[in-house]
Amino acid sequence: MARESVVPPYMKYKAVPAAEFKRLYSESVSDIYAFWMREAAHLRWRVRPRRAFEGGVWFPDGYLSPYENVIGRHHGTFMWDKIAIIWEDESGEVRALTYSQLDSLALRMAGALRALGVGRGDWVVFYAPPTPETLALTYAAVRIGAPFEHVFTGWGWLALARRVASRRPRLVVTVDAFPRRGKLVRTKNVVDKAVPEGVRVLVVERAGVSVSRRRNDIFLSEVEPADGGGEAVVGSGHPLFGLHAAYRDGPRPVTHAAGGYLVQTYATTRWLGIRPRDTYFCTVMPGWITGVTYMLFGPLMIGATVVVYEGGPDYPQWDRWWSIIERYAVTVFVTTAGAMRYLSRQDPELLKKHNLDTLRLIITTAEPFEGEIWRWTYQYVGTGTVPTVDSVPERLTGRVPVIHAFIQTELGTFVTGQLPNYVFTPLKPGSAGPPMPGFYIDVVDEEGRPARGIPGRLILKAPWPALPLEPKVFDGIYDTGDAAVMDEDLYIYPQGRRDGVIKINGYRVSPGEIEEAIKTALGVDVVVEKTRDPLRFEVPVVYIRGGASPDDVKGAVRELLGPIVDVEVRSM
Amino acid sequence: MPSAGGKSAGLRLNYGGVVLSLRDYAGAVAEYRGESLCIDVLRPDCHHVFYTHGHERHYGGYAGEFHAPFRGNVIAGTVVRAGPFRVLVIDAYNITKVAGGRPVHSRGEGVGYVIEVAGIVMYHAGDTDLTPQMLEVGRHDIALLPIGGDGVMTPEEAAEAVKLLRPKIAIPVHFTEARHYVKFRDMAQPYAQIMNIKS
Numbered sequence: 001m002a003r004e005s006v007v008p009p010y011m012k013y014k015a016v017p018a019a020e021f022k023r024l025y026s027e028s029v030s031d032i033y034a035f036w037m038r039e040a041a042h043l044r045w046r047v048r049p050r051r052a053f054e055g056g057v058w059f060p061d062g063y064l065s066p067y068e069n070v071i072g073r074h075h076g077t078f079m080w081d082k083i084a085i086i087w088e089d090e091s092g093e094v095r096a097l098t099y100s101q102l103d104s105l106a107l108r109m110a111g112a113l114r115a116l117g118v119g120r121g122d123w124v125v126f127y128a129p130p131t132p133e134t135l136a137l138t139y140a141a142v143r144i145g146a147p148f149e150h151v152f153t154g155w156g157w158l159a160l161a162r163r164v165a166s167r168r169p170r171l172v173v174t175v176d177a178f179p180r181r182g183k184l185v186r187t188k189n190v191v192d193k194a195v196p197e198g199v200r201v202l203v204v205e206r207a208g209v210s211v212s213r214r215r216n217d218i219f220l221s222e223v224e225p226a227d228g229g230g231e232a233v234v235g236s237g238h239p240l241f242g243l244h245a246a247y248r249d250g251p252r253p254v255t256h257a258a259g260g261y262l263v264q265t266y267a268t269t270r271w272l273g274i275r276p277r278d279t280y281f282c283t284v285m286p287g288w289i290t291g292v293t294y295m296l297f298g299p300l301m302i303g304a305t306v307v308v309y310e311g312g313p314d315y316p317q318w319d320r321w322w323s324i325i326e327r328y329a330v331t332v333f334v335t336t337a338g339a340m341r342y343l344s345r346q347d348p349e350l351l352k353k354h355n356l357d358t359l360r361l362i363i364t365t366a367e368p369f370e371g372e373i374w375r376w377t378y379q380y381v382g383t384g385t386v387p388t389v390d391s392v393p394e395r396l397t398g399r400v401p402v403i404h405a406f407i408q409t410e411l412g413t414f415v416t417g418q419l420p421n422y423v424f425t426p427l428k429p430g431s432a433g434p435p436m437p438g439f440y441i442d443v444v445d446e447e448g449r450p451a452r453g454i455p456g457r458l459i460l461k462a463p464w465p466a467l468p469l470e471p472k473v474f475d476g477i478y479d480t481g482d483a484a485v486m487d488e489d490l491y492i493y494p495q496g497r498r499d500g501v502i503k504i505n506g507y508r509v510s511p512g513e514i515e516e517a518i519k520t521a522l523g524v525d526v527v528v529e530k531t532r533d534p535l536r537f538e539v540p541v542v543y544i545r546g547g548a549s550p551d552d553v554k555g556a557v558r559e560l561l562g563p564i565v566d567v568e569v570r571s572m
Numbered sequence: 001m002p003s004a005g006g007k008s009a010g011l012r013l014n015y016g017g018v019v020l021s022l023r024d025y026a027g028a029v030a031e032y033r034g035e036s037l038c039i040d041v042l043r044p045d046c047h048h049v050f051y052t053h054g055h056e057r058h059y060g061g062y063a064g065e066f067h068a069p070f071r072g073n074v075i076a077g078t079v080v081r082a083g084p085f086r087v088l089v090i091d092a093y094n095i096t097k098v099a100g101g102r103p104v105h106s107r108g109e110g111v112g113y114v115i116e117v118a119g120i121v122m123y124h125a126g127d128t129d130l131t132p133q134m135l136e137v138g139r140h141d142i143a144l145l146p147i148g149g150d151g152v153m154t155p156e157e158a159a160e161a162v163k164l165l166r167p168k169i170a171i172p173v174h175f176t177e178a179r180h181y182v183k184f185r186d187m188a189q190p191y192a193q194i195m196n197i198k199s
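The listed protein sequences derive, respectively, from chains A and B.
Mapping the first sequence onto our numbering, position 525 (from 1) lands on 525, and the numbers just tick up by one.
Mapping the second sequence onto our numbering, position 66 (from 1) lands on 66, and the numbers just tick up by one.
Calculated directly from the structure, the hints in this document are not laboratory data.
Check each hint, because a few of them may be wrong.
Claimed, not checked - Here are the computed lysine to aspartate or glutamate pairs in the EDC-like style, where the Cα-Cα straight-line distance is at most 16 angstroms: (1) 461/A / 31/A; (2) 97/B / 109/B; (3) 353/A / 177/B; (4) 554/A / 525/A; (5) 554/A / 516/A; (6) 198/B / 93/A.
With these hints in hand, go ahead and build the complete structure from the sequences.
Structure follows, in structure tokens:
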């Protein structure tokens, strides 16, 4: 299978041949447990683990403070006085916090959570955009030892209701409303529909609009914070956070444990070469695994500055992300393949008018990345205007690495892709790179035999540190549900889900959840399949038999599951 | 609170409860708990008004009360109290930018200001080169540095100032051409968080 391979000028003297990578990789997976025990030594443990994996838990005899490993570790270093978070909204309001200020705010928010009865082991569900307050509340939950789940605000009330019912949280955090594409998203109204009145709801005043007040609602400004208390020291297997991942029949909870997840997150972020001096912009929201791992945790563990943009990429125009990269001197840009597909179709002048020379690394994820869109990203976003190493950029020659990486909620982090700070092999357009060291990944046929050059099942043959706490996720093998092609150099070319689960603009959506929403709203049984879409990758197709109009179906899905689930309707 | 006045086409930075925005060519407005302070805003509407010098891109003939070296009520080394703001006056002048054999801005003609409010320290450098006095500013959170090279630091000199001053945030002012910003940004990025809140 002949494939184009590219070494960006930026990595010219760091790239290694595939054979060298294979040697390092096979060493890493020959003894997975020893490999990850070495990586675990990079975390700060209160009790250092001696055992790697036992009873489905990584580093089971280790104890650590997750908060210390994300924020507290920078105390006493130059990072403490450096900007940790730059937050921007659509209207141009900007807030900046140093690590020290973020720590103070998280401590205050920990006091607020404690005052509201949240303690160690209590779930906190967020249905809110990332703002300095909601981010600090998230870190406050980490500080307390309370696991959290961010539910993406693009989901509608039924999706939120299901996730709240599943987690049974002590507290739901929301905002009154927030602006999106120039209009207010009335977040609290969705919470009122989705969350039982008996559940405590904390409302962060974001837009300053009036909202209804139920008997268990409290506004952040009304909370008398208790003492923030110390940082929770937890066992490695203590739940840190969770998400719900889509399966054919509906979403299922996926819960990540503190020790293994943080070891894997810190390792992959370091290997990708994120540094304290980076200004790092991740466009994926914390309601998705990329947003949790590579906005909330990874870059902060390193000490980088993280840019958080609350609004839409096309507001007021499709160059909003380019302007953010330009004005904050962003060096690392993390986004989705789907976003690049959209951006590549906009007026080229919107990109040309911005200088993106500070970029040194672009990472994409979430869905298969067509070679032509990869090339557009590499050439148009990644070339820049300044010489790099010994290469003078000509028009559209490409300059910085555009790394496409495979991630999944259950896997916790990127598990494939080239690693600028570890082992960097040439880029192959359309591929998600080779497996990262420590992840025993293969593509196999239906009989379980390794398949090369033909589509097969993308599987893991050994557990990984961010193994979810739910039982039987790994049962001697883990089938990702994705189809992929693996070439002789172990490069993986994801082909999309082969189990019926739908990827819309990178969002993983369950057909069963769509069927349930339509049944709930309209009382009709439908069948949901999927079809390829040139822009959104896939779209759900709802087959109905009489009884409901297509507009009713589309409207019901939009209201119950949210604007991210835009369906096509066909008659059976 | 009065609106700060002046032409604003930028963003509003909230740092530690102090809101900073840019106006006109090199002007800035700091707001804290309902009080505002303008520096080099042509038509200001702030509680406290300061000018770094009298050139027309900085001073637009404002007739109200204000502090400025050309009015004789500020001089380098002195401190002015303005509501919640403590304003230290710093020299600002040219060493290498010369017109007709004289510095474009002579020493004593212009100043910069170090504004402290609620524990946040901001330094508006005024129209200046990289001077020895600038290095005595001390620890500060935000530096507003002129970068256009037109009677002020060039982008390279301003980046050198960032390396020496090490503010947490460096905001470029006093420039019109994007290439000046890009040059400054690319050189200064490793040493401070750059924020171009003008656009």
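Against the structure, the hints come out as follows:
1. 461/A / 31/A: Judged against 16 angstroms, a Cα distance of about 12 angstroms means the pair holds.
2. 97/B / 109/B: holds, 14 angstroms
3. 353/A / 177/B: holds, 13 angstroms
4. 554/A / 525/A: Holds, at roughly 14 angstroms.
5. 554/A / 516/A: holds, 13 angstroms
6. 198/B / 93/A: Distance ~12 angstroms between residue 198/B and residue 93/A Cα, so the pair holds.
Every hint, counting from the list given before, is met by this structure.
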